[in-house]
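Number of protein chains: 2
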Amino acid sequence: MYNINETIVALATPPGVGAIGIIRLSGSEAIAITDKIFKGKNLANQPSHTLHFGRIMDGNTVLDEVVVSLYKGPKSYTGEDVVEISAHGSQYILEQVIALCIANGAQMAKAGEFTQRAFLNGKLDLAQAEAVADLIASQSGAAQQAAMHNLRGGFSEELKGMREELVKFSALIELELDFSQEDVEFADRSQFYELVNRIGATADKLIASFKLGNVIRNGVSVAIIGKPNAGKSTLLNALLNEERAIVSDIAGTTRDTIEETLNINGVLFRLIDTAGIREHSSDAIETIGIQRSMDTMKKADVVVYLYDVNETTPDEIQSQVSTFEGRQIKYLLVGNKIDMAAAAPSANSIYISAKNKENIQQLRQALYRLVVEGDINTEGTIITNARHLASLQEMRKSISDIKAGLDNHIASDLIALDIRRCLFYLGEITGEVTTEDKLDYIFSKFCIGK
Amino acid sequence: MYNINETIVALATPPGVGAIGIIRLSGSEAIAITDKIFKGKNLANQPSHTLHFGRIMDGNTVLDEVVVSLYKGPKSYTGEDVVEISAHGSQYILEQVIALCIANGAQMAKAGEFTQRAFLNGKLDLAQAEAVADLIASQSGAAQQAAMHNLRGGFSEELKGMREELVKFSALIELELDFSQEDVEFADRSQFYELVNRIGATADKLIASFKLGNVIRNGVSVAIIGKPNAGKSTLLNALLNEERAIVSDIAGTTRDTIEETLNINGVLFRLIDTAGIREHSSDAIETIGIQRSMDTMKKADVVVYLYDVNETTPDEIQSQVSTFEGRQIKYLLVGNKIDMAAAAPSANSIYISAKNKENIQQLRQALYRLVVEGDINTEGTIITNARHLASLQEMRKSISDIKAGLDNHIASDLIALDIRRCLFYLGEITGEVTTEDKLDYIFSKFCIGK
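Residue numbers (numbering that gives the first Met the number 0), protein chains in the order written: chain A, 0 to 449; chain B, 0 to 449.
Some hints could be false.
[What the hints assert, rightly or not] Stretch-level coverage of chain A by chain B, calculated; a stretch enters the list once three of its residues show a Cβ under 8 Å from a Cβ in chain B: (1) 50 to 62; (2) 86 to 94; (3) 425 to 438.
[As the list claims (entries may be wrong)] From chain A, some residues computed to sit far from chain B (all C-beta separations above 12 Å): (4) Asn41; (5) Ser68; (6) Ala108; (7) Val131; (8) Lys167; (9) Glu184; (10) Ser189; (11) Ser208; (12) Glu372.
Simulated from the structure, these hints should not be mistaken for lab results.
Glycine included, each C-beta is placed from N, C-alpha and C at the ideal position.
Next up, chain A with everything else stripped away, as it sits in the complex:
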């Protein structure tokens, strides 16, 4: 599918009306194609990393006044010649400019093709390339930090370290095979055993980090459940209000994306809209067996169970909630309306006044603690990608096989096979071992223009 001889073009900025729209070209003809439609300085003669004002011409018609950014390969995102045309942000004009680039020899870029070229040209490894997509999709500080750690090669470095040590032992063991008649051991078995243990522990640590990584990357869905008039809407607003202040000045449309999400210590909590439940199954708690309520709760990672402390005691709620137990749903019992009556303290409940925004911060922290144990250390590597997890799990199996082989003193050639399998799965993560189909699949999940 990938043809390095083609020069590709795509809109790199989000579609819609804005002040500026950027059209990106990459490939050996990127500069020549732009020169054909750009009236200004001759770009081929200009140094890399410079900006040039001029006009995009469709024959004699001035399509737009633009600024062109010039990057000469290999000092560019893709490693190839790259031109970015900064035009006025009219969808019409941007489409016309793209059509003009295509008419002059460029091909429409496929999703992720710019980053795929960066990978194929050795500017990024596969784990870093995937971090680019994660970075663009990041909606919280923790997700952004984890992606940035990976983009900067933190994860790759860790894998590279394991890989290099394994390769060294692999070479020694394979050497033994050549001298198999002589029964020599070039590879120190106790050193190797220690290495295998160390790699196994690192893999275990990385695999374990996925639980948090998944929370960081995909956020946590929260269903707020409760009887009518328990104060669900008021709580929703109380939780969201604090959040809004920071971003309220920035562009109107952020509201839509922020609308029902909550950022607690850098982790994104998505509040599932339970309006439907609120309106139609008004007796949600009593009719807990109703499929609909159960479905919503099943979709949620966390359930916040809101009740009126003036109507119900924690013990009553606890007994109702017992239906949940064993369903793997994490939940918080939250007693509301403490402004109207002082509730007896209970270890099982958090007491709030949604109306007076009392103990909201305490509730936020409790929500956070429900999914994150300890602090998030984004300095270390956190696995956020299911593909990486699968490869690591396979690699971990090979490590166990190697270890069992050493314990049982099996033949070196069988151990060598296990090591190769282990290296294969490590290489799969960074893309040293991969197939074209797999690459196309991975990059097809990117957005166009990246």
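Once you have looked at the hints, place chain B on chain A.
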């Protein structure tokens, strides 16, 4: 409201997820503020019009890897120092970078403030600045061309020519006032009369162009009306289908904006969704008096009246349509399903087969001719802005007053007053005469970041 000492910041690209998002800063501190958060080369020491790769740092945290575009004033869009930060297109990251700029001394830009600064710094006159907003909003070739003509100063040049000649005569006539005792005429009255006629004719031409200009800028709304099974949906698809092919390759989201619009010779026709009418008032023609159908038709600039040639003759339709006459609604009678029966030719109708896409091109041209007489010459100036029209109309009144004054040999001082009034309205268009309130109002209609 405007404070030239502030450095402003805003997102310049559309909100939403994309490969790239651009944050723009402008003002005396734009480079210094960026240097505080940018880890890479020291920007203050770099030449203008250069690109620099580096990292945006929030303390010790790497927020993103970015490319910074550096424009040193006055060689920039606003005429001030401008920095554009090209970051990964995550809404979260873009908000964080903007917040960081604000924390380091930038102010959130108001809508249109970048272009307002360009105007105040003399980079654009007011008519050109307004053309920037029109260019961004342009959805068709004619709208884009008219806006580009104005952005490049075509309109302003025309006004400037008139203004300069008027100023010359104004000076001579005001000189006469100083010598009013001596009854001299420095200003040649016949030359002046000729000039006034010429300016009047130019103003008339510009005012007349608004009819077309409005069509070009705002498009033409078209209601397709007809009995059920007349073939309205098929016609809609036939009209749209030809359109789609060109843009179908470019980004998924264009579909939404293109969905119900039709570009004929560069003019945008918006097809009003008459689905509601189609479903609920199935006897639209018979019950033509029904408020709902009438409302839809009143909203439309043009009505396409579709009927089945096998069921109705043009004469019958004509008599039904007579209810329309005098309502100022332009309409086309379109006989459909000629594939099923040959219809007798009629001067009043266009015959098509929506199913076989027969004569669709003829219908498109007829629609176009209904709103555009002759060809659109976007080389000449076309008034597209209601504010400009209002000023031109006032200016035209002053010209008539001057002419009447000359005819009646009224005193020079009164003529001088009329000339000043005429110059005032000319100056209002290009912004040479304006108030701060008016400016704020004009630019507030821009998008943020422009």
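Minimum Cβ-Cβ distance from A:Val131 to chain B exceeds 12 Å
violated (7 Å)
Can the segment 50 to 62 of chain A be counted as covered by chain B under the rule of three residues or more with Cβ-Cβ separation shorter than 8 Å?
holds (count 5)
Minimum Cβ-Cβ distance from A:Glu184 to chain B exceeds 12 Å:
holds (46 Å)
Is the Cβ of A:Lys167 more than 12 Å away from each Cβ in chain B?
holds (32 Å)
For A:Glu372, is the shortest beta carbon distance to chain B beyond 12 Å?
holds (22 Å)
According to the definition I'm using, a residue is off the interface if its beta carbon is farther than 12 Å from all beta carbons of the partner; does A:Ser208 meet that for chain B?
holds (19 Å)
Could you let me know if the closest chain B CB is still more than 12 Å away from the CB of A:Ala108?
violated (10 Å)
Chain B over the segment 425 to 438 of chain A, status - at least 3 residues with CB closer than 8 Å:
violated (count 0)
Hey, does A:Asn41 actually stay past 12 Å from chain B on C-beta?
At roughly 15 Å from the nearest Cβ of chain B, A:Asn41 sits farther out than 12 Å, so the non-interface label holds.
Since A:Ser189 was said not to touch the interface, does its Cβ keep a gap of more than 12 Å from each Cβ of chain B?
Since the minimum Cβ distance to chain B is about 41 Å, A:Ser189 lies beyond 12 Å and the statement holds.
Residues of the segment 86 to 94 of chain A with Cβ under 8 Å from chain B, three needed, outcome
holds (count 7)
Assertion that A:Ser68 lies farther than 12 Å from chain B (Cβ):
About 6 Å separates A:Ser68 from the closest Cβ of chain B, which leaves it inside 12 Å; violated.
In this structure, the hints that do not hold are numbers 3, 5, 6, 7, in rising order.
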